[in-house]
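*Asks:* Take a look at the letters that make up each chain.
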Amino acid sequence: MTTILAVLEQRDGALRKGAAELIAAARQLADAQGGTVDALVFGAGAVSGTDALGAAGADRLLAATHADFAHYCPDGIVATVAGIAAGYRAIVTAATATGKDLAPRIAAAIGAPCGMDVTAVSLSGEAIRVVRPVYAGKAIQTLELTGTPVIAVRPAAYPPISAGKTAEAVAVTVPPFTRRLTVTGIAAPEQATIDVTEARVVVSGGRGLGEADKFALLEELAAAFEGDAAVGASRAVVDAGWIGHGAQVGQTGKTVAPELYFAIGISGAIQHLAGMRTARTIVAINRDKDAPIFKVADYGIVGDLFEVVPVLTAAVKAARG
Amino acid sequence: MKIAVLIRRVPDTTAKIVVGSSGTTIDPTGIKFVANPYDEYAIEAAITLTADGGEAVAVAFGPDVVQETLRTALAMGVHRAVHLQGEPAADGLANARVLAEHLRDGGYDLILCGKLAVDDYNQQTGPMLGELLGLPCATSITSLEIADGTAKVMREVEGGTEAAECALPAVLSCDKGLNTPRLPGLKGIMGAKKKPLEVVPVSTGPVLATVVSLAMPPERPAGRIVGEGPDAVAALIEALTSEAKVL
Ligand SMILES: Cc1cc2nc3c(=O)[nH]c(=O)nc-3n(C[C@H](O)[C@H](O)[C@H](O)COP(=O)(O)OP(=O)(O)OC[C@H]3O[C@@H](n4cnc5c(N)ncnc54)[C@H](O)[C@@H]3O)c2cc1C
Ligand SMILES: Nc1ncnc2c1ncn2[C@@H]1O[C@H](COP(=O)(O)O)[C@@H](O)[C@H]1O
Chain A
1290 MTTILAVLEQ
1300 RDGALRKGAA
1310 ELIAAARQLA
1320 DAQGGTVDAL
1330 VFGAGAVSGT
1340 DALGAAGADR
1350 LLAATHADFA
1360 HYCPDGIVAT
1370 VAGIAAGYRA
1380 IVTAATATGK
1390 DLAPRIAAAI
1400 GAPCGMDVTA
1410 VSLSGEAIRV
1420 VRPVYAGKAI
1430 QTLELTGTPV
1440 IAVRPAAYPP
1450 ISAGKTAEAV
1460 AVTVPPFTRR
1470 LTVTGIAAPE
1480 QATIDVTEAR
1490 VVVSGGRGLG
1500 EADKFALLEE
1510 LAAAFEGDAA
1520 VGASRAVVDA
1530 GWIGHGAQVG
1540 QTGKTVAPEL
1550 YFAIGISGAI
1560 QHLAGMRTAR
1570 TIVAINRDKD
1580 APIFKVADYG
1590 IVGDLFEVVP
1600 VLTAAVKAAR
1610 G
Chain B
31 MKIAVLIRRV
41 PDTTAKIVVG
51 SSGTTIDPTG
61 IKFVANPYDE
71 YAIEAAITLT
81 ADGGEAVAVA
91 FGPDVVQETL
101 RTALAMGVHR
111 AVHLQGEPAA
121 DGLANARVLA
131 EHLRDGGYDL
141 ILCGKLAVDD
151 YNQQTGPMLG
161 ELLGLPCATS
171 ITSLEIADGT
181 AKVMREVEGG
191 TEAAECALPA
201 VLSCDKGLNT
211 PRLPGLKGIM
221 GAKKKPLEVV
231 PVSTGPVLAT
241 VVSLAMPPER
251 PAGRIVGEGP
261 DAVAALIEAL
271 TSEAKVL
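Those sequence lines, one after another, are chains A and B. Here the first sequence is numbered in the numbering used here, starting from 1290 and rising by one per residue. Here the second sequence is numbered in the numbering used here, starting from 31 and rising by one per residue.
With the rest of the complex left out, here is chain A (with noise of 0.2 Å):
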């Protein structure tokens, strides 16, 4: 009873970004109990990327295959782990927009509670305590869950690790189930960038940009960083229409939790903050010096972005060479 299961995401037949650190929680709950882990991947065929499993930390490869499994299927995700939870300890997912919506109804349907985007997972006895924001961030609470829990771990929680293992692979029996929800497609931005949640760097544009036409600006900082950025923003812009809702950061949009997050005409309201305070390095561009983004940012430039920005986007192609 000591195995974890980490259910992990694809998409067009490949594993999405973050497996390897979802398996890297599940390695360390399983090693504390000297258990083993268990990956689990759905697909419509072979899903490309699950190779590299082992290595991540995993023991085994459960594949479930399935037609529906081309895109997101709730239901026969649902019917299918379900089918195989009672050996498990735990289940875990990652705290994407699928894995919070898989792990509610996975653990309604085996009667577990549920812990919902983890930062930190351990033992506890029988049970197992997560560690979570709560309140936007505001507040730290430290759950314990009893009977196999399903715990949704935030993405870069937890770095992968580099375990040298070669995972067995296992076919899963996908059981009947009742599709009833059909995703029919995704739609993809019309540019492809990479997502707020995703980036290592996230240069965030607020009302102090003035208009619509000046996130260019920000997409040249970005740009800078060669694919490893993406442009978000406060809400103040979102709601002017200035860019699309997808890139808001904050209590009512996205959580981000880049390496390094720039927050450009920015005020640092607390539901902006709720969205990036545990980013890893922030810096803030702002002309008050009072504004409150400065109490939280680690590195300040107190002056004019339209003055400051392209400069600073020259610098960092220079400094990147």
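Because the hints were derived from the structure by calculation, they are not lab data. One or more of the hints may lead you astray.
Said to hold, decoys possible - Coverage of chain B stretches by chain A, computed from C-beta distances (three or more under 8 Å per stretch; other residues unrestricted):
| id | stretch |
| --- | --- |
| 1 | 72-82 |
| 2 | 118-132 |
| 3 | 167-176 |
| 4 | 183-189 |
| 5 | 236-247 |
Said to hold, decoys possible - Pairs of lysine to aspartate or glutamate residues, derived as DMTMM-like cross-links and limited to a Cα-Cα distance of at most 25 Å, are as follows:
| id | chain 1 | residue 1 | chain 2 | residue 2 |
| --- | --- | --- | --- | --- |
| 6 | A | K1606 | B | E268 |
| 7 | A | K1306 | A | D1340 |
| 8 | B | K275 | A | E1310 |
| 9 | A | K1584 | B | D261 |
| 10 | A | K1578 | B | E117 |
| 11 | B | K275 | A | D1340 |
| 12 | A | K1606 | B | E98 |
Since we're looking at a predicted model, the values are computed, not measured. Even for Gly, the Cβ is constructed at its ideal location relative to N, Cα and C.
Place chain B with the ligands on chain A using the hints.
*Replies:* This is chain B with the ligands only, laid out in the frame that chain A set:
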């Protein structure tokens, strides 16, 4: 169409959070409580969908104070309210079971809730209800079209927008972008007092999740202003390269 809208009473998002003496809950002193912001999208959708007939019913599980929040929903325009009177647990599933028990035989075509509650950040009530009631469920929807007993929805996922559809009855959790919630007008506020609010005592079954502690987040180490204007860029690049090592 008969629609249930689930409403949770939460601290206003600007509230300063202080841990109470129990060490497991917040100190509610001085906090203004409101309807969960995401529930406002659900309320707006329910009112719009029942504008030409049908019924929108607001349902809240909690202590007596949730009646205040239900009145807000009534003032916005839902037709009646149900107060499931009891103490919710820290276990989302225990709470979802209470809600499911009440909703099961309600004859609802649609059950709408918020994407997440800004207090517990659980984000689990909707999908759990879908499972418990055996109904289709889509979470965090940013658009909704209903025609011929089918709901078509969109939801944001990393790097794209997912389109999905399901038959009614269904459970949908609502995200920002779905609509623009109306503000209750004076007439609505006056009218809300006369709308029916039914009280049903309930209790939770087994609880498998308990709060061990609630604590303040670690403070970020104090940062520094590296300088003013474009001249400060060099110092910033230096700090990002050699101190933070992120370039
Ligand atoms: C329920 C609720 C949920 C919310 N959720 C979110 C959320 O998810 N995300 C979010 O961001 N907000 C959210 N908000 C809104 C939040 O309260 C703030 O209104 C918003 O974050 C402010 O955006 P801003 O910083 O871009 O604008 P402002 O507060 O107007 O700040 C603009 C800043 O730009 C600076 N500036 C102006 N010109 C220049 C210049 N030329 N150069 C440099 N600096 C300049 C100014 O000094 C100022 O600090 C929410 C609010 C509520 C009530
Ligand atoms: N006690 C409750 N009573 C009524 N609805 C609730 C309750 N708790 C949660 N909900 C609904 O479920 C949504 C998600 O809450 P949560 O799963 O707690 O994040 C909320 O936005 C409400 O619509």
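*Asks:* For K275/B and E1310/A, compute the direct alpha-carbon distance and say whether it is at most 25 Å.
*Replies:* Holds, at about 21 Å.
*Asks:* For the pair supplied as a hint, K1578/A and E117/B, confirm whether the alpha-carbon distance does not exceed 25 Å.
*Replies:* violated, 46 Å
*Asks:* Need the status of pair K1306/A, D1340/A: alpha-carbon distance at most 25 Å?
*Replies:* holds, 14 Å
*Asks:* Check whether the Cα positions of K275/B and D1340/A lie no farther apart than 25 Å.
*Replies:* With a Cα-Cα distance of about 31 Å, the restraint between K275/B and D1340/A is violated, given a limit of 25 Å.
*Asks:* Tell me if the straight-line CA distance from K1584/A to D261/B falls inside 25 Å.
*Replies:* holds, 22 Å
*Asks:* Do the alpha carbons of K1606/A and E98/B lie within 25 Å of each other, as the hint requires?
*Replies:* Violated, because 56 Å separates the two Cα atoms, which is more than 25 Å.
*Asks:* Holds or violated: are the alpha carbons of K1606/A and E268/B at most 25 Å from each other?
*Replies:* holds, 14 Å
*Asks:* Okay, the stretch 118-132 of chain B and chain A, do three or more residues pass the C-beta test at under 8 Å?
*Replies:* holds (count 5)
*Asks:* Are three or more residues of the stretch 236-247 of chain B within 8 Å, CB to CB, of chain A?
*Replies:* It holds, with 10 qualifying residues against the three required.
*Asks:* Taking 8 Å as the C-beta cutoff, is the stated coverage of the stretch 72-82 of chain B by chain A satisfied by three or more residues?
*Replies:* violated (count 0)
*Asks:* Is the coverage entry for the stretch 183-189 of chain B by chain A consistent with the three-residue Cβ rule at 8 Å?
*Replies:* holds (count 5)
*Asks:* Closer than 8 Å, Cβ to Cβ, for at least three residues: run that test on the stretch 167-176 of chain B against chain A and report holds or violated.
*Replies:* holds (count 5)
Checked against the numbered hints given earlier, the structure breaks hints 1, 10, 11 and 12 and satisfies all the rest.
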